[in-house]
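Those protein sequences? They're chains A and B, same order as listed.
For the first sequence, position 177 matches number 177 in the numbering used here, and the numbering has no gaps at all.
For the second sequence, position 424 matches number 424 in the numbering used here, and the numbering has no gaps at all.
Treat the hints as calculated values from the structure; they're not laboratory data.
Note that this is a predicted model, so its numbers are computed, not measured.
Wrong hints could be hidden among the right ones.
One-sided excerpt, in silico: chain B residues whose CB lies under 7 Å from chain A [unchecked claim]: (1) Val229; (2) Ser244; (3) Arg263; (4) Ser303; (5) Gly323; (6) Glu324; (7) Thr350; (8) Ile351.
Just so it is clear, CB atoms sit at the ideal spot from N, CA and C, and this is done for glycine as well.
2 protein chains.
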Amino acid sequence: MSEHAETLSAQDVREAWPLLSVADRVEALHLLPRHVAEDLLLELPSREQAALVLTIPAEERRSWMRLLPPDDAADLIQAAPPDKREMLLSLLDDPTQKGVRGLLAYQEDEAGGLMDPRFARLRPEMTAEEAIAYLRAQPRSAFATLYYAYVLDKEQRLLGVVSFRELIAAPKEARVSDTMERNVVTVTEDMGQEKVSQLFSRSGLLAIPVVDAEKRVKGIVTIDDIVQVVNEVATEDIQKIGGSEALGEPYLNIAFGRMLKKRAGWLSALFLGEMLTATAMGFFEKEIDRAVVLALFVPLIISSGGNSGSQATSLVIRAMALGELRLRDWFRVIRRELASGAALGSILGTIGFLRIEIWQHAFHTYGEHHVLVALTVFASLIGVVTFGTLAGSLLPFVLRRLGFDPASASAPFVATLVDVTGLIIYFTTASAILRGTLL
Amino acid sequence: MSEHAETLSAQDVREAWPLLSVADRVEALHLLPRHVAEDLLLELPSREQAALVLTIPAEERRSWMRLLPPDDAADLIQAAPPDKREMLLSLLDDPTQKGVRGLLAYQEDEAGGLMDPRFARLRPEMTAEEAIAYLRAQPRSAFATLYYAYVLDKEQRLLGVVSFRELIAAPKEARVSDTMERNVVTVTEDMGQEKVSQLFSRSGLLAIPVVDAEKRVKGIVTIDDIVQVVNEVATEDIQKIGGSEALGEPYLNIAFGRMLKKRAGWLSALFLGEMLTATAMGFFEKEIDRAVVLALFVPLIISSGGNSGSQATSLVIRAMALGELRLRDWFRVIRRELASGAALGSILGTIGFLRIEIWQHAFHTYGEHHVLVALTVFASLIGVVTFGTLAGSLLPFVLRRLGFDPASASAPFVATLVDVTGLIIYFTTASAILRGTLL
C-alpha cells in the first residue's frame with residue numbers, strides 16, 4: 001500500500017468514527033495497518049479506548065493495553081466497568097501494573113490522577129556528559145517526556161530541575177547540581193486539576209512534578225494532558241451553565257437514555273422551582289383581574305431579570321474557573337454588579353418606558369393611565385434587572401462556599417430564581433404606583 | 001536576600017497583582033529582583049504586558065521588549081494602541097523586528113498569528129551526530145522548542161520531522177533522512193485557532209509546523225500557546241452563551257464602562273425582541289380577561305421552553321467547538337433533539353398536570369374546569385419544550401451556516417425566541433381545549 005493511500009484510509013476511518021458502533025470500530029482498526037491503528041487508539045478518550053479494548057478478542061487485548069503509557073492505562077481502567085478492572089490490570093507487565101495500581105488510588109480530577117510515574121531522574125553529582133549518556137541509554141518509553149530531568153537526593157527528594165536543552169548546552173564536565181534550577185514549580189498529589197491547569201498556563205512549563213509532603217517526587221504531569229483537562233473542564237462548565245448535568249461523553253456518542261437522564265434531572269428540578277411563579281401569580285390574581293394590562297408585561301419583566309442574571313452568572317463562573325476571582329473577592333463583585341445592574345436596569349427601563357408611550361401614541365393600547373403603566377414597567381425593570389444581576393453574580397460564590405461547583409449556578413437556575421422574585425417586585429411596584437387609579 | 005524571602009515577595013506581588021494599578025505594578029516590578037520581575041512579566045497576558053511596557057520609563061523599554069520571544073512580542077504589539085506600535089517595533093533587534101513584522105500580518109486567531117518563527121531546521125543528509133552538534137551550537141533563544149527539529153530541502157520545503165530524543169537515541173552515523181518521520185502533521189497559515197487546538201489534542205504533539213501552499217515551513221505553533229488558546233476560546237464561548245459579548249479582559253481588570261457596553265448591547269437587543277411577548281400577550285388579552293387562571297401559568301410555560309432551549313443550545317455549541325458536530329450533522333441533531341424534546345416535554349407536562357390536580361384537591365384554586373386547565377398546561381408543555389429544544393439545538397447550526405459564531409446562540413437569545421412562540425403555543429392550545437367552557 002502506498003504512503004498516500006494509507007494516509008487516506010486512516011483519514012476515512014477518522015471521519016466516519018463518530019458514526020460507527022463499537023463492533024464496527026474494532027473491525028475498522030483491524031483493516032488499518034497496525035501502526036496507524038495504534039496511533040488512532042492512542043488519540044481516543046479513555047472511555048472509548050476502554051470500550052474498544054473490552055470488545056476486541058481477548059488474545060489481542062494485551063498488546064493494545066501495553067501500548068498505553070501508565071497514566072492513560074490508569075484512565076482506561078478507571079473508565080471500564082468495575083468487574084473488568086482486575087482483568088485489564090493483569091494484562092500489563094509487572095512494574096507497569098504496580099505503577100498503575102498506585103495511580104488508581106488517586107481521584108481522576110486531581111494532580112495525582114493526571115500524573116505519569118515515568119520521569120527522568122538524575123543525581124546532583126553527575127556531570128552533564130554522564131547525565132546525557134545515562135538518559136540516552138534508557139529506552140524511549142522510559143520517560144513521559146525527556147524535556148526536563150529532575151534531580152533527586154538519596155531519599156528521592158526533589159533538589160532541582162534541569163532541561164535537556166541546558167544539559168546539552170552545558171560544558172561536558174559541569175555538574176548537574178550547578179546547571180539545575182533549584183526553584184522548582186511543583187504540585188501536590190491532591191491539587192485539583194483546574195488549579196494545575198492554571199499553573200501550567202501561568203508558568204509556561206511543559207511538565208510539572210507532583211510531590212508529597214516530604215518533597216518526594218511521585219510522578220509528573222505533562223502539558224499534553226492539560227490541554228485535555230482544560231477542554232474537559234470547559235465542556236463541563238458550559239453544559240452546567242446551560243442547565244444540564246455534564247454529559248461526560250461526546251454529544252453524538254452518548255446513549256439517548258443516558259443523555260435524557262442527565263438533562264431531565266435539572267429540568268425537572270427547575271420546573272418544580274418555577275412552579276412558585278404560578279403560586280406568586282395566584283397571589284396577585286385580583287390585581288391581574290382588575291388590570292389585565294399588567295399581565296401583558298409579565299413575560300417581558302421576568303425574562304429581563306433572567307437574561308441579566310444569566311449574563312452575570314456566566315461571567316462570574318468563568319472568572320472563578322480561570323482563578324481570576326476567589327471567594328474573598330465577593331464584596332468587590334457585589335459592588336461591581338450592583339452598579340452594573342442599576343445601569344443595565346435603567347437602560348432597559350428607559351427602552352420599556354419609550355416602547356409603551358410610542359405604542360400608546362400610535363395604537364392607544366394602554367388606556368388613560370398609560371403613563372403610570374409605563375412608569376411601573378420602568379421602575380420594575382430597574383429593580384428586577386438589579387436583583388437578577390446581583391443574584392446571578394453571587395450564586396456562584398454561595399455554591400462554592402457550600403462546597404458545590406459554582407458552574408451549577410446555571411443560566412436556567414438563575415432565571416428561575418429571578419422569575420419568582422421578579423413577579424413579586426413587579427406586582428408590588430404596580431400596587432404602589434397604580435393604587436387609586438387602575439388598582 | 002535569601003532564596004526564601006525572594007520567593008515570598010514574588011508570591012506577594014502575584015497575590016496583590018489584580019488589585020494594583022499599572023503604575024503600582026511598574027513599581028512592584030522594580031522592587032523585585034530583576035529575574036523574578038522578568039518571570040512575572042513573561043507570565044502576563046499580552047494586553048497587560050503592553051500596558052506595563054508603555055508605562056515604564058522609555059529607556060527601560062528596550063530590554064523588556066527584547067526579553068519576549070517573537071510571537072509574544074507580536075501579540076504585545078497587537079495589543080498596544082496603533083500609534084505606539086511602530087515605536088515598540090523599533091525597540092527590537094533587526095532580525096527579530098523583521099520576523100515580528102511578518103507575524104503582524106496574520107490574524108491573531110489563525111495559526112499564522114500563533115506561530116513562532118524560531119524553529120530548528122536540519123538537512124536530510126546530516127548525520128545524527130552532526131545534527132546534535134549543530135543544534136547544540138545555537139543559542140538557547142534560537143528555537144521556540146528544541147523538542148522537534150524539522151528537516152527541510154534546499155527550497156525550505158518540509159521533508160520530515162525528527163524529535164531530539166530520536167536524534168540522541170540514533171546511532172551517531174545514521175542520516176537524519178533515515179531517522180525522520182515523513183508523515184508530518186502540519187497546519188496552514190490561515191487555519192483557525194479552534195481547529196489547530198483540536199489537532200493538538202487529537203495528535204498529542206508538542207509542536208506543529210505551519211506551512212504554506214508550497215509546503216515551505218513558516219514557523220511552528222507550540223502547545224503552551226494552545227493551552228492559552230483553549231482557555232480563551234472557552235471563555236469567549238461561555239460569556240457569549242451567558243448572553244454578553246466576550247469581555248476580552250479579566251473580569252476584575254476590565255474598565256467598568258467597557259464592561260457595561262459589552263453587556264448592554266446584547267441585553268438591549270434581547271429586550272427589544274422580548275417586547276414581542278407584550279404584543280403577543282396583547283393579542284390574547286380577551287382570553288386572559290375571560291380566564292385569568294390562564295395568566296397564572298404564563299411564566300411557568302415560557303420559562304420551561306427557555307430552560308430546555310438553553311440546555312440544548314449549550315450542548316450543541318460545545319459539541320461544535322470541540323469538533324464533535326459539523327454542519328452536515330444537522331439532520332442527526334434534529335432527530336435526536338425532536339425525541340429529547342418530546343420526552344422532556346412529557347415529563348414536565350406530567351409534573352405540571354399533577355401539580356394542578358393536587359393543588360385543586362387541596363385548595364380548590366382552579367375552579368370547576370380544573371381538569372381542562374391541567375390538560376392545557378400538559379399539552380402546552382409538550383409543545384413548548386419540544387419547540388424550545390429544537391430551536392435551541394438548530395440555532396447554532398443556522399448561525400454557523402450564515403457565517404456567525406454559533407456561540408452567539410446564547411441561552412438568553414434562545415429563551416427570547418422561545419418565549420414569544422411559547423405564548424402562541426400556550427394560548428392556541430388553550431383556545432382549542434377550553435373553547436365552550438372557560439373561553
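Do the numbers back the hint for Ser303(B), that is, is its least Cβ distance to chain A under 7 Å? holds, 5 Å
Hint validation: Ser244(B) versus chain A, beta carbon distance must be below 7 Å. Holds or violated? holds, 5 Å
Regarding the hint that Gly323(B) lies at the interface with chain A, is the smallest CB-CB distance below 7 Å? violated, 10 Å
Any CB of chain A closer than 7 Å to the CB of Glu324(B)? holds, 5 Å
With chain A as the partner, please determine if Val229(B) meets the hint condition of a C-beta pair closer than 7 Å. violated, 9 Å
Given hint Thr350(B) near chain A, where the shortest CB pair must fall under 7 Å: violated, 10 Å
Hint check: 7 Å Cβ-Cβ cutoff, Ile351(B) to chain A: Holds: closest Cβ of chain A sits about 6 Å from Ile351(B), inside 7 Å.
Answer holds if the nearest beta-carbon of chain A is closer than 7 Å to that of Arg263(B); otherwise answer violated. holds, 6 Å
Consistency with the previously given hints fails for numbers 1, 5 and 7, ordered from lowest to highest.
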